[in-house]
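Colleague: Protein chains in written order, with this note's numbering: chain A, 2 to 503; chain B, 11 to 332.
It cannot be assumed that every hint is accurate.
[Claimed, not checked] For lysine to aspartate or glutamate, the following DMTMM-like pairs were computed, each having C-alpha atoms within a straight-line distance of at most 25 Å: (1) A:120 / B:213; (2) A:166 / A:318; (3) A:120 / B:279; (4) A:166 / B:213; (5) A:55 / B:213; (6) A:120 / A:143; (7) A:376 / A:388.
If you're looking for bench data, these hints aren't it; they were derived computationally from the structure.
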Amino acid sequence: MTSAPADVPALEMRGVAKRFGATVALEAVDFILRPGDVHALLGENGAGKSTLVKILSGALRPDRGEMRLDGRPYHPADPLHGRRSGVSMIYQELNLAPHLTVEENVVLGTEVHAGGFLKRRDVRKRIKDTLDFLHHPEIALDIPVRRLSVGARQIVEICRAIMDKARILVMDEPTSSLTREDTERLFQVIGKLKTEGVSIIYISHFLEEVREVADAYTILRDGKNVGSGRMAGTTLDEIIQLMVGRTIADLFPRLEHERGEVALALNNLKGLRMAGPVNLELHRGEILGLAGLIGAGRTETLRTIFGLDARVDGLVEIEGIKALKVKPWHMISLGLGLLSEDRQGEGLALSRSLTDNITLSRLRPYRKFGFLSLKKRSQAALQWMGELKIKAQGSGQAVASLSGGNQQKAALARLLHQDADVLLLDEPTRGIDVLSKAQIYEWMSRLAGRGKGILFVSSYFPELLGVCDRIAVFFRGQVVDVRPAAAWSDESMMAAATTGRA
Amino acid sequence: MRRRAKLQTVINLLAPFLGLILVLVLFSSMPDVQSRFLRVANLKSVATQSVIVALGALGMTLVIIGGGIDLSAASNIALSSVITAYGINAGLPPLLAVLLGILTGGVVGFVNGALITRLRLVPFIITMGMMGIARGVAKWIANNQKIDAPLTWVNELMAKSPHPPWLILAPGVWLMIVLAAATAVLLRYTVFGRHVFAIGSNEAAARLCGVRTNRAKIIFYTLAGLFCGLSGVMEFSRLTVGDPTVAVGLELDIIAAVVIGGGSLSGGEGSILGSMIGVFIMAFLRNGCTMMGWPNYIQEIIIGVIIVAAVSLDQVRHRRPT
Numbered sequence: 002m003t004s005a006p007a008d009v010p011a012l013e014m015r016g017v018a019k020r021f022g023a024t025v026a027l028e029a030v031d032f033i034l035r036p037g038d039v040h041a042l043l044g045e046n047g048a049g050k051s052t053l054v055k056i057l058s059g060a061l062r063p064d065r066g067e068m069r070l071d072g073r074p075y076h077p078a079d080p081l082h083g084r085r086s087g088v089s090m091i092y093q094e095l096n097l098a099p100h101l102t103v104e105e106n107v108v109l110g111t112e113v114h115a116g117g118f119l120k121r122r123d124v125r126k127r128i129k130d131t132l133d134f135l136h137h138p139e140i141a142l143d144i145p146v147r148r149l150s151v152g153a154r155q156i157v158e159i160c161r162a163i164m165d166k167a168r169i170l171v172m173d174e175p176t177s178s179l180t181r182e183d184t185e186r187l188f189q190v191i192g193k194l195k196t197e198g199v200s201i202i203y204i205s206h207f208l209e210e211v212r213e214v215a216d217a218y219t220i221l222r223d224g225k226n227v228g229s230g231r232m233a234g235t236t237l238d239e240i241i242q243l244m245v246g247r248t249i250a251d252l253f254p255r256l257e258h259e260r261g262e263v264a265l266a267l268n269n270l271k272g273l274r275m276a277g278p279v280n281l282e283l284h285r286g287e288i289l290g291l292a293g294l295i296g297a298g299r300t301e302t303l304r305t306i307f308g309l310d311a312r313v314d315g316l317v318e319i320e321g322i323k324a325l326k327v328k329p330w331h332m333i334s335l336g337l338g339l340l341s342e343d344r345q346g347e348g349l350a351l352s353r354s355l356t357d358n359i360t361l362s363r364l365r366p367y368r369k370f371g372f373l374s375l376k377k378r379s380q381a382a383l384q385w386m387g388e389l390k391i392k393a394q395g396s397g398q399a400v401a402s403l404s405g406g407n408q409q410k411a412a413l414a415r416l417l418h419q420d421a422d423v424l425l426l427d428e429p430t431r432g433i434d435v436l437s438k439a440q441i442y443e444w445m446s447r448l449a450g451r452g453k454g455i456l457f458v459s460s461y462f463p464e465l466l467g468v469c470d471r472i473a474v475f476f477r478g479q480v481v482d483v484r485p486a487a488a489w490s491d492e493s494m495m496a497a498a499t500t501g502r503a
Numbered sequence: 011m012r013r014r015a016k017l018q019t020v021i022n023l024l025a026p027f028l029g030l031i032l033v034l035v036l037f038s039s040m041p042d043v044q045s046r047f048l049r050v051a052n053l054k055s056v057a058t059q060s061v062i063v064a065l066g067a068l069g070m071t072l073v074i075i076g077g078g079i080d081l082s083a084a085s086n087i088a089l090s091s092v093i094t095a096y097g098i099n100a101g102l103p104p105l106l107a108v109l110l111g112i113l114t115g116g117v118v119g120f121v122n123g124a125l126i127t128r129l130r131l132v133p134f135i136i137t138m139g140m141m142g143i144a145r146g147v148a149k150w151i152a153n154n155q156k157i158d159a160p161l162t163w164v165n166e167l168m169a170k171s172p173h174p175p176w177l178i179l180a181p182g183v184w185l186m187i188v189l190a191a192a193t194a195v196l197l198r199y200t201v202f203g204r205h206v207f208a209i210g211s212n213e214a215a216a217r218l219c220g221v222r223t224n225r226a227k228i229i230f231y232t233l234a235g236l237f238c239g240l241s242g243v244m245e246f247s248r249l250t251v252g253d254p255t256v257a258v259g260l261e262l263d264i265i266a267a268v269v270i271g272g273g274s275l276s277g278g279e280g281s282i283l284g285s286m287i288g289v290f291i292m293a294f295l296r297n298g299c300t301m302m303g304w305p306n307y308i309q310e311i312i313i314g315v316i317i318v319a320a321v322s323l324d325q326v327r328h329r330r331p332t
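Taking the hints into account, I'd like the entire structure generated from these sequences.
Modeller: Structural data, given as structure tokens:
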């Protein structure tokens with residue numbers, strides 16, 4: 002494929018508009034992508050990013066507007082057409098069939114065949130070459146994709162895109178479940194693709210990362226393009242301001258809170274899936290951050306504390322009392338609450354209403370002679386929806402139809418309604434918009450002010466540094482060091498998390 | 011590392027046979043029946059008895075790998091057998107009646123597939139509806155009785171002693187073997203087969219990759235229907251009459267065979283070899299139990315246990331690598 006001269010954009014979208022019923026998703030958006038650029042597409046959830054990208058891929062048709070690829074008109078009829086025209090998507094929900102092998106996934110939809118019978122030899126060679134090019138020759142062609150790590154799966158998707166001779170690659174939140182290490186490797190791959198003249202549209206909520214990898218940016222708000230430009234010379238504050246439409250005075254609001262008695266103590270805790278032993282003390286009125294790479298044992302530690310994974314050895318003490326039966330129902334009665342990292346799979350009952358989700362872990366107040374008072378229950382839910390500013394039509398709305406940020410707030414509302422004294426929060430801000438993030442940070446701080454203890458697992462260092470009182474860094478299932486947040490820096494946390502030495 | 015991977019493949023390949031071997035060893039060591047159980051005549055009889063379920067299981071394997079289910083299989087078999095009998099009785103040439111029977115099955119399957127893709131309802135609901143409709147239509151056509159038909163070569167298809175003796179096995183058994191091989195090739199070596207796995211594994215991903223998921227689904231439901239149609243012809247051949255009340259509940263035997271053979275009801279997994287082994291495990295169990303003179307309810311309990319045991323073993327086997 003020949004690349005167009007530098008002044009012809011790789012992609013030009015003009016006046017693209019789309020509405021769903023009464024909702025305007027996009028209102029005459031312009032978007033211009035230069036060849037070989039990494040172009041960040043930014044905006045809060047619901048700003049219209051996914052709609053724009055779906056139109057580009059051919060999954061949706063625009064109501065109005067024009068698109069050109071390398072100067073030539075482009076009207077994709079469906080995703081396959083888009084793919085064949087050189088536009089490939091790397092989706093947030095990985096776009097792979099878990100039971101199929103790497104090879105089968107890479108060629109899915111574009112199998113080479115003779116009369117319906119597969120021809121595999123040449124294709125296998127090409128896949129191998131492409132994986133070599135991406136510096137991932139260790140990925141074997143014949144293992145089912147479900148056995149690969151998330152990072153490796155992403156490489157498989159990129160491999161598929163390159164094999165399609167993609168000129169434009171759309172990456173939707175590519176790093177949201179990657180470790181820092183895998184993220185670095187992904188950025189190397191992106192650099193490599195740029196040298197080949199591939200243009201990349203990069204959607205992410207991790208703004209620091211975006212600054213690191215992107216050359217240009219476009220910001221959408223309420224279906225409109227509110228700003229485009231080169232990344233160099235633009236500050237994060239300017240970008241955030243454009244995204245939310247007002248200045249967020251402080252992304253990490255800190256309300257006064259004071260450290261009290263020990264609320265939760267782990268003594269030599271070991272679990273079925275966590276190496277350990279882990280020793281930690283969490284005080285009332287304290288936010289204790291758990292940092293580390295994915296797989297370092299932080300999630301597993303929370304799950305062992307809460308009784309979701311079996312405890313092998315050691316003790317969990319709550320308010321100085323040994324927890325004997327470490328089972329979720331028992332831990333809840335002792336005042337523990339867990340917010341799962343897997344919001345959709347485990348954290349929420351997606352098809353059920355906000356009321357059902359928020360009140361599920363404490364139904365006792367609404368029980369009379371064994372029956373539930375539905376009215377009181379939905380009143381309580383409404384109250385928490387107001388407190389957390391959950392945007393919904395009513396307390397009866399199904400959680401599945403809410404945005405990610407509102408879903409997460411609903412999950413947090415459950416812990417608040419439950420009135421947990423110790424909150425175990427696992428990646429509470431993953432994949433949600435900036436405004437919701439700020440609200441969740443504020444609530445964490447407020448809860449600490451009310452004397453609650455919070456264990457906060459995050460893979461995103463800036464938020465740990467911004468929110469926590471103390472931070473413990475994990476390495477291979479053990480705590481490397483615990484220090485006040487002020488005594489850590491991005492670099493020292495990274496060093497501890499990757500080397501195990503403080 | 012590589013050696014371990016190879017070992018794993020060998021184990022995965024052999025595992026389905028273990029159940030079958032276990033059943034064979036069990037009955038051939040029972041003093042009361044061992045002399046008769048492994049005798050050629052008995053094996054031939056088990057093979058012939060398996061044909062009807064096996065043909066249904068071939069199609070069901072496609073459907074289950076594709077993430078669907080077909081509850082109308084048994085009703086479809088009954089309807090096709092009635093149509094075949096009706097055709098022969100009405101004086102059609104037997105070959106035409108047979109084709110008509112098979113085609114009937116295909117139409118039922120096509121309607122299943124078309125409704126599932128058009129109405130976007132879960133296959134369980136659509137095929138449960140079709141289960142009633144096909145059975146009702148069969149009874150309607152047969153006027154709620156059995157349809158007698160003059161004996162023709164069609165009734166030879168399931169004869170335990172086939173007409174040219176060099177065939178050894180009944181023509182229906184040969185047909186089953188050939189079609190099983192063909193379906194296995196279809197699944198493993200064709201683009202269509204791969205798409206069936208992809209749809210069952212992650213339908214959204216398949217669609218985004220440009221797989222025409224609706225078309226593929228209609229095709230595999232239609233194929234499943236055609237297999238049921240053929241199975242219906244065999245049912246007629248065996249009974250020599252078209253009986254609309256035949257094969258009630260057989261769809262569960264067919265599904266059980268696929269599941270025992272490693273098919274996953276959430277899609278993306280399963281194999282023809284596995285399903286065929288599932289069919290024979292159940293057939294030999296029935297046969298062995300009958301020979302032992304054990305009452306019917308014992309067979310039912312044992313088969314129930316086998317289904318649960320086979321599937322839980324399969325899960326353990328899959329969980330290990332991670």
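Colleague: Now look at each hint and say whether the structure bears it out.
Modeller: Here is how each hint holds up against the structure:
no. : hint          : verdict
1   : A:120 / B:213 : holds (23 Å)
2   : A:166 / A:318 : violated (57 Å)
3   : A:120 / B:279 : holds (22 Å)
4   : A:166 / B:213 : holds (24 Å)
5   : A:55 / B:213  : holds (18 Å)
6   : A:120 / A:143 : holds (15 Å)
7   : A:376 / A:388 : holds (19 Å)
Hint 2 alone, counting from the list given before, is not met by this structure.
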